[in-house]
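Protein chains in written order, with my numbering: chain S, 18 to 360; chain B, 980 to 1157; chain Z, 85 to 453; chain L, 131 to 571.
None of these hints come from the bench; they were simulated from the model.
Glycine included, C-beta positions come from ideal geometry on N, C-alpha and C.
Taking CB as the label site, the calculated pair distances span:
#1 373/Z - 143/S: 34 to 42 Å
#2 459/L - 59/S: 23 to 31 Å
#3 256/L - 59/S: 47 to 55 Å
#4 260/Z - 201/S: 32 to 40 Å
#5 264/Z - 254/L: 58 to 66 Å
Dumping the calculated DSS-like pairs for lysine-lysine here, alpha-carbon to alpha-carbon at most 27 Å:
#6 208/S - 374/Z
#7 257/Z - 56/S
#8 257/Z - 60/S
#9 433/Z - 283/L
#10 207/S - 374/Z
#11 489/L - 433/Z
#12 26/S - 316/Z
#13 66/S - 257/Z
#14 1149/B - 408/Z
#15 257/Z - 81/S
#16 87/Z - 489/L
#17 283/L - 87/Z
#18 376/Z - 208/S
#19 489/L - 45/S
#20 376/Z - 202/S
#21 376/Z - 168/Z
#22 292/Z - 26/S
#23 231/S - 208/S
#24 374/Z - 202/S
So you can see what is in the structure, the chains are spelled out below.
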Amino acid sequence: MTIQFERGKVVVIDRGARKLRVGQGMLKGMAVVWHHWLKSFQKLDNFSKTAGVFTVEYPDERIKLPEAYRNMPILLYDDETGQELCTACFQCQRVCPPQVIHINQARNPETGKAIPAAAEFIIEYDACMSCGFCAEVCPFDSIKMDHEFELSTEDHAELTMNKAQLSRPVSYYERIAPTFWAEVKASAYKKLQNSVKRRVDLIGIAPQMVEKVKAMRAAAAESEATEAAPSSAPTKPSAAETSPATDKAAKLAAIRAANAAKQDAGNGGTSTPEAPAGDDKAAKLAAIRAANAAKKAAESGEGSASVAPAAPEAPAGDDKAARLAAIRAANAAKKAKDEQENS
Amino acid sequence: MPSITATALRERMERDLPGVAVATRPRVVEAESKPKAKGKHAAERPDFLATNDTVVVADRLRDAAIYLRDACGYTYLSDIAVVDYLDDGLFEIVYRFYHLDDGDALVIKVRVPRDAPNVPSLTPIWPGADFHEREAFDLFGIVFEGHPSLIRIYMWDEFEGYPMRRDFPKQGDKYIDE
Amino acid sequence: MIKTEELQINIGPQHPSTHGVFRMLVTVDGETIVDLVPVFGYLHRNHEQIAEVNTYLQNMPYTDRLDYFNSMANNQAYAMVVEKLVGIEVPERAEYLRVLMVELTRILNHAGALGFLINDMGAWQTPLAFGMREREKILDLFEMASGARMMCNYFRFGGVVRDLPPAFMPLLKDLLVALPAFFDEFERLLCENEILLQRSEGVGVLPKDLAISYSVTGPVLRASGIPYDIRKAEPYSIYDRFDFDVPVGSVGDVYDRFLVRVEEMRQSLRIIEQVLEQLPDAEGDHINPKAKQNVRPPVGDAYARIESPKGELGFYLVSDGSEKPYRYKVRAPSFINLTPLGDMCRGYKVADVVVILGSIDIVMGEVDR
Amino acid sequence: MYDVVDYVLNTTFNLGAAGWVVSLISYLMIATVLFLVAPLQMLFLTYYERRLIARMQDRVGPNRVGPEGMFQPVADAVKMFTKEDIIPAAADKWVHLLAPLVVVAPTMFMFAVLPWGPGMTPIDMHIGLLFFFAVSSISAVGLMMAGWASYNKFSLLGAMRAVAQMVSYEIPAMLSLLAIVMITGSLSIVDIVQWQGGLFISSSDVAGVPNWGLGWFVFNPVGFLAFAAFFIAALAEGERTPFDIPEADSEIVAGYMTEYSGMKFGLFFLAQYVLNFLLCAITAVIFFGAWQGPGVNELYALGITPDNPDGNGWFNVLAGVLGAFYFLFKTYAFFFVMVWIRGAFPRLRVDQLMDFGWKYLIPLTLVNVFSAAIWVGFNNWGANEGFGFAEPLGDLGRWAVAFVLTLAINIAAYIVMTRIYGETRRVTFDEQLADTAGLPS
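Just chain S, with the same shape it has in the complex (with noise of 0.2 Å):
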């Protein structure tokens, strides 16, 4: 198809007549405003008005946000089994502009093997600019973008999320956002029954559903038990199911470290589990190396904190300089990093 135009000309721009000006001029402009008042009793509701009254009252009344508004990320996880689509595969976070980003893979604690799955994900918030590059990358249709946007607090550190609050349920999502989950459902679903075949335990559940998972998991299997014989099976406890907050900023570093580490053996191809096992123990290397450098200075970190005259708050001041200990735990581990690439 092409369409052909004749361009369009040059005009000059009329500047008005050099009339005689006795305020007609003036009156004409109270004339639109008077207009305008008279009109603004009603609402201007209709985008094809021109007057009436456009101010949306916002706590009484709301916009309907379209469903491809995007404010802030969150990841989702299957309402029923409580299944996490994640699965750490650090696409988001390479993508990510301001690299906000913080994954950390689980592993299966008797093999150490990698799951697909994030043992935790920490998304900082108050750095992140809402392009919405992570939800566009997500293979797994696990990271989407979420409507909320009424997140403001008191306190700055409140808005770097860890797994449990950035968790929610698929419901959700396909409630703000209900066209675009029905294009991806049936592949994310699909996705999502691959992985959990390769997870193990309650590795991979929203961290909001494991208690419920553990009782509905006992619950089969008393029915089990009454049907076949008695066979305990304790449940082991999981990365994900311990996760305070005031230890956030630790696992930050941990994941920041071994992120870097990792990045370092096997020049950014080794994230997914199948990876050559010498690449793999080389990675198993660093990631040590850089979690004692980070643990290292998180001590040096606290103890200088609990020097500190100016934190007498003892949660508050120690998650801080946590968090700072963690940042130069990072930077002692990019610097390691760097010096073992020199030699």
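Place chains B, Z and L on chain S using the hints.
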């Protein structure tokens, strides 16, 4: 109508202003860029200096610019961009001129060594070059000779160093060398 | 003869009508401007260097923050330069969507800019409120399409991120009914107002030759009588398919800049109407399905420019073959249009300075980068 | 008030208070009431203005504090009281402190001569009008003090502008009032109001016109032109758009108020709104008959008046309430116009303001004084003054001739003056173009 291609400009300039243009390797446009080997160290250094545009001697910049304006009718100076080729040890300053009827830009480039980045200023001829040149001075440390007030434009006056140079540290506040 | 002492005043950095953190070092003799030096950099964040450590795609949302009033136009210029560098084809439908969004951006930018200009003249928000009302509607449409009102991040290499939602078109058609009424009303409210005429006629005159040598672009250049519009001079995207006029002024004063902007809004509306006619026939998807977002352009440089609402917005990229740009330069229209401010203000009154500044229409996010 | 206090003290309680005691007490009471009225007016006007202008801009306006946002001004006042009071280090402390007081005090004095209703004028001075405007110009001193003492260039510029503007625009304002004073022959505000009885024709001009209280000066050509000129001058005096140049926020931040905060700023604010109220009120008084309106005179005639000491006091109250209602209605209507103008127009530049005042308004009002002389000659003068030729026309005929004559003169003056003024503007415009043509390129 007034479109002059980059090669035509070169030829005209060599004819009318001998000794202004510098010989350069032409850039061959690759059909498909080969995916590079992954890793921190790329296989070879990219060849930045090959170009199809006219590169002029720094001292004769004004002649070239006035030639563009008066002989070619490219009266509109749109942009001055500085590129720091650290590995080649030089700054490239890209001047972009337009003809006010229509058509693409004509580009002339000036290459100066990194340790003596002196270029004649175009501000006396095009006052519009003022902020461009001050920006280039502020961020790259290019000295435009003859500029009426070559002072920092973005950074504060006491700032040391030129933040857009590639050897300016990304963290901290001193050069790597120190 | 009485000799009076000259007074130096800093208008800004925190001043109600400097449109951001901008300082004008003004030397006045009584109320008359003797000299004016613009000082800025308070918002400088070295945008260009941030861009050098990001990948090409990661820079897209950063361009939103340049001229936060019209992020769509910034997106387009950046997408165009990367497409030029890599050689990505853009499907027809995507081009139409891009033009639609950018022309809507032009309307919202001018509506806001004129409102602020009249505000600087001392009107108590009314023209601004009217402009903002229409701007709100357009922003609602943007939100519907892109997910955000101002930081749209809607463009991708080879197209736009997603197609228009079904609810978009009816609202846009409603808006197209409202906009002509808004323009007429705006003209009735102001164009013949004697006070506005007194304040703007013959104020801040920028003659033709000076406008060229000062490299000003956009409505400021056209108000000085030079019919230079990149959409006509070097038609990019699919602008050669649309029938629209280029308004130019005759004197080059604030009043001409005002009128040129009003007329440009009308012309943008014409383009949008043509887009709506042709959009259903457009071929292709909203994005080139083959276009990779994680691009690695070949070694070389490219420059692409568009007629952004404020003037010529250009991006200059140098690639070293990696996934991050080697050099990324923004040719920001607000920044260059500020160059003649001192000359434009000299000899006028203090009250004219803010009006002249308002008529240039700057956004500090773009000036300081 | 004297009568009421006298009745309460001497008749009811039988205290036998001396005359001066009664006077003192009654004036104190009036003053107290007026000092309460003034800030309340300011509170109301700010709310009224904000709501109105919001409506004009398709917004809602403040509607959160109290029903429909009625208590918003109270909340603002509380905010102002609790804000920190900052005196710039380099400022002249005492002058800085005194300036707001000097600005506020005159506006309070001006209430003294304002007629609220029939027989409800605090003081009926013979030179009431003169007093009103003489006192109002004192605030210019305060503005200059504020600007000077703040040690801020913006403040200084603002104060200069304010003083220049106030002084310049007092002249057209007084000249337009002079026309009215010529007609009434009295500077007493009460007389001026009394003069405006009748029905579109003042009953003082033409005897026998039914007195419905509608013989306002605005209904004759002299009064109308005087009203237009005076209202424009009042906008300038009250620093309202399009003449809000001294505090042009887009140019010189807040003018002379830039360095004030807290309640000192609040005092300036108070002074400004009270002054606006007073200017609207005085416009209503002089051109729109203040409390004059259908029914007031009839009711008042039944009450206790000097002519009718045996009347019923309740009729006084009724007439007062109705009169005050008319008066306030007119005042707020003018304030509405002020807000309306503020909603529609940009502001002038300071030199244009001076041009407009000196080159346009003053000549126009001078012509109007001439028209007023013709009006007075035809309507009030007889053979003694040389107007014997007009006697055969009869009252109504003389009024008609005067009306037509002055109308013709005023319209002609308006057109000629506008043309001349327009020409001067055009010349300067062309000159400016010629100037810029010589710029180096």
